[in-house]
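Chemist: Take the sequences, apply the hints, and build the full model.
Chains as they are written, first to last, in our numbering: chain A, 1 to 252; chain B, 1 to 236.
A couple of the hints might just be wrong.
As the list claims (entries may be wrong) - No farther apart than 30 Å at their CA atoms in a straight line, the calculated lysine-lysine pairs in the BS3-like style are these:
#, chain 1, residue 1, chain 2, residue 2
1, A, K241, B, K102
2, A, K241, B, K228
3, B, K102, A, K233
4, B, K20, B, K148
5, B, K228, B, K32
6, B, K148, B, K164
7, A, K241, B, K148
8, A, K186, A, K233
9, B, K102, B, K226
10, A, K118, A, K130
11, A, K186, A, K93
12, B, K164, A, K241
13, A, K241, B, K39
14, A, K240, B, K164
15, B, K148, B, K49
16, B, K39, B, K164
17, B, K39, B, K199
18, A, K233, B, K228
19, A, K233, B, K39
20, B, K102, A, K240
21, A, K240, B, K228
22, A, K76, A, K143
23, A, K241, B, K226
24, B, K226, A, K240
25, B, K199, A, K241
26, B, K20, A, K233
Honestly, the hints are just simulated from the structure, not real lab data.
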Amino acid sequence: MGIKIKLQNLNVFFGDTRAIKDVSVDFHENMVTAIIGPSGCGKSTVLRSMNRMHDLIATARVTGSIIFDQEDIYDKNVDPVDIRRRIGMVFQKPNPFPAMSIYDNVIAGHKLLGSLKKQESDRIVEESLKRVALWEEVKDRLKTNSMDLSGGQQQRLCIARTIAVRPEVILMDEPCSALDPIATAKIEELINELKEQYTVVIVTHNMQQAARVSDYTAFMYLGELIEFDRTGKIFTNPDKKHTEDYITGRFG
Amino acid sequence: MDGKLFHYLGYLMEREHIVKQYDTELNEIRSKLLEMGGKVEAMISNSVKALVDRDSELADRTIQSDHEINHLEVETDERCLEVLARWQPAARDLRFITLALKIVTDLERMADQCVSIATRSKELNEEPPLKPYIDLPRLADASGTMVKEALDAFVRGDEALAMKVCEDDQFVDELNVQIQRELLTFMMEDPSTISRALKLNYISKYLERIADHATNVAEMVIFMVKGKDIRHTTAP
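Modeler: Structure (structure tokens):
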């Protein structure tokens, strides 16, 4: 398996504050990588740098490189909108577009890219909703408002929306924090299936989730990458005492 | 602080868990293991003392004390299971709990060996002693010490002490062979000694098996401390 995205000496500054310090890590293709660490360690900041979300923040500055398909995504020639299609993101709070139906939510990304024939958009909607195991639950009410769905269903809808535009990487920022245990389990099962086709990077504060769902785990602390390895190793025999202290709940 | 230093100083220097109850529960398991170990050491010592002093009542009490070991086995298993279920321990803590479960089994087997020793002792006490017992008490001391040190090593995460236990097994193995050779000589010279010699042979073998169990525990300590599995790497 190759490397899909490579972070090389990534630094992220907000004004004078260096939030991310020289982070280098390889994200393996068709694998799930979890980023764990205490609040404020920079895991979400790293995630958001991977689809150039910090471009939207005036005081943010990114140095180093993020190589995706042999290209630095921060290169001047690169279109950030295209990056955000190819590197999709799912957020903590499910955020279907409130004024839109289930159908329109799924196809929203495509509408930005250009118009589609009805037959084609029907196919994309069905395929995407089936992929997230939501089709059977909503196929008879595709035109109803997306906000009528439960939290778990909304989150799956957001994932359907993300995969409808055929990304290569899916970034997930605490995707289950707002969900109950059963909805969480369904999303975890979905992540397991999604990795066959996509590369997944998930930020989570739930260590047990990271342990269950990921193939690789990165542990961050105060903006630095402390350890990165196969998840089995991190949770049974990490190399760094710091990592062990965190995952055994011995952080001072 | 350097990671190795932490390991050397053992659990006493471990940072505390944020939730005190967790550390309390792990310490309770350590206590139970030490308690079990202490009882097993006493059983080793008493089962051979029952032979040396020709004290069959002591042998009987030793056999009875097996119930306490069985009780502790069940209790400790339950505690370990509960910690696993409630706290989902990771890394070193996970290795500690899963190994504690295995060590409990080793201790219970050791106790069973002591019951066998005590039973043979009672049988031997019905007949005149074959010879002065010098080496069997030495073997019992050596095995008992290995048990104590292996458990201390586990509870403290003391890799150096665990390695010593692994090395000490050689002395026990050699002493056992020596005892068996001597008994064989008795049997060959005088067939009327065979019954007693065989029983003494068994006692020696049981003590050697106890030492093997202690070595198992020591190997687990090294795995717990280093995350490196050295079982089955030493020549038989």
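Chemist: Please list, smallest to largest, the hint numbers that this structure does not respect.
Modeler: Hints 13, 19, 22, 25 contradicted; others consistent.
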